[in-house]
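**Q** Residue numbers (the working numbering): 78 to 392.
It is worth saying that the hints were derived from the structure and are not from the lab. All of these numbers come straight from a predicted model, not from anything done at the bench. Built from N, CA and C at the ideal position, the CB exists for glycine as well. Any given hint could turn out to be false.
Here are the in silico distance ranges between beta carbons for each label pair [to be verified]: (1) 133 - 341: 47 to 57 Å; (2) 346 - 249: 51 to 61 Å; (3) 136 - 341: 16 to 26 Å; (4) 320 - 124: 28 to 38 Å.
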Amino acid sequence: MTLDPFGLLGAGAAAAAVLAFGPAQRWLAERRRRPARAAEMFLWRENFESRNPEGIPFTADEIAGHVAWFKSLARDALILRPAPLDDAGEAAARIGGPAWLAPDEVWPRDVSGTSLEFVAQLDFARLPTLAGFPERGLARFFVGRDELYGANFDAPDQSAGRVLWHEGCPEGGRLEPQPPLGAQDFSPFHNDAVRERGLALAAAPICDAPDAYSWEPVARLEGALRRDGAEEITEKFEELAEAREIGHRVGGHPVFTQSDFRASGAYDDFDTVLLGLSSDDAIMWGDVGEAVFLIRAADLAARDFSRVAFYWDCA
Numbered sequence: 078m079t080l081d082p083f084g085l086l087g088a089g090a091a092a093a094a095v096l097a098f099g100p101a102q103r104w105l106a107e108r109r110r111r112p113a114r115a116a117e118m119f120l121w122r123e124n125f126e127s128r129n130p131e132g133i134p135f136t137a138d139e140i141a142g143h144v145a146w147f148k149s150l151a152r153d154a155l156i157l158r159p160a161p162l163d164d165a166g167e168a169a170a171r172i173g174g175p176a177w178l179a180p181d182e183v184w185p186r187d188v189s190g191t192s193l194e195f196v197a198q199l200d201f202a203r204l205p206t207l208a209g210f211p212e213r214g215l216a217r218f219f220v221g222r223d224e225l226y227g228a229n230f231d232a233p234d235q236s237a238g239r240v241l242w243h244e245g246c247p248e249g250g251r252l253e254p255q256p257p258l259g260a261q262d263f264s265p266f267h268n269d270a271v272r273e274r275g276l277a278l279a280a281a282p283i284c285d286a287p288d289a290y291s292w293e294p295v296a297r298l299e300g301a302l303r304r305d306g307a308e309e310i311t312e313k314f315e316e317l318a319e320a321r322e323i324g325h326r327v328g329g330h331p332v333f334t335q336s337d338f339r340a341s342g343a344y345d346d347f348d349t350v351l352l353g354l355s356s357d358d359a360i361m362w363g364d365v366g367e368a369v370f371l372i373r374a375a376d377l378a379a380r381d382f383s384r385v386a387f388y389w390d391c392a
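Can you make the complete structure from the sequences, with help from the hints?
**A** Written out as structure tokens, the structure is:
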């Protein structure tokens, strides 16, 4: 068989053209987007500068005052550390496994009728006491089975995340296993054994600082971010926030990988972490994200779990 070198060259050129077509198209599309992005950046900077006019520098006393204020935001919390050697069925706190349901309770579903995914259970009678939280009662936590786990990022209090509350101890009733996942269903569990049998969590009291970019620190410095010393204040906030222990939690402050969805006058009354769930070897929120069930302190005191905000984000 005789090889035609010119034919090979032609085929190679055609293949190179095909391979280059995709990158070239992406390059052209990126170039077309540049003016719009530049315009967006210009408008953002213009808005930022109008909201944060240049002012007199922060004094050392003012900087110290902001740092002291940030420290005062620390709250008591329970960190929930995985305890794989403990019996998940007997644990006061666990993720995964079968959900305990009272005789009059049914497995919750979303608005389309799809079964929700059970993610965690807390038995407050056997957890360390935490101010503002129940001293007894059982909370079961569920999320959606769509690719967003039921989150409504625009209105977190309308997410599919649900909390079933049972006043008292889990006596009688039944342990109901997770309904099978459908072909189009998603679960945050990436460990099937934990999803089916559960993983015990050991609770320990901690003092928890907020994220440096949670809504309260952001609101406090709004309007002053172009004053000399503002960067030093935010850096000190970050140093204090970086010292906090990350992990599953009850109470304290929520953990966000990007930004707090709350702002002054918008969801800022969802002030209590009913349960925060981190990403680990058993459960994963997107790309190593953080999930949280938030409730208003007044609703928690009234044992009203009908309006819980469920939210998660990832890097």
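**Q** Determine for every hint whether it applies to the structure shown.
**A** A quick look at each hint next to the structure:
| no. | hint | verdict |
| --- | --- | --- |
| 1 | 133 - 341: 47 to 57 Å | violated, 24 Å |
| 2 | 346 - 249: 51 to 61 Å | violated, 36 Å |
| 3 | 136 - 341: 16 to 26 Å | holds, 25 Å |
| 4 | 320 - 124: 28 to 38 Å | holds, 33 Å |
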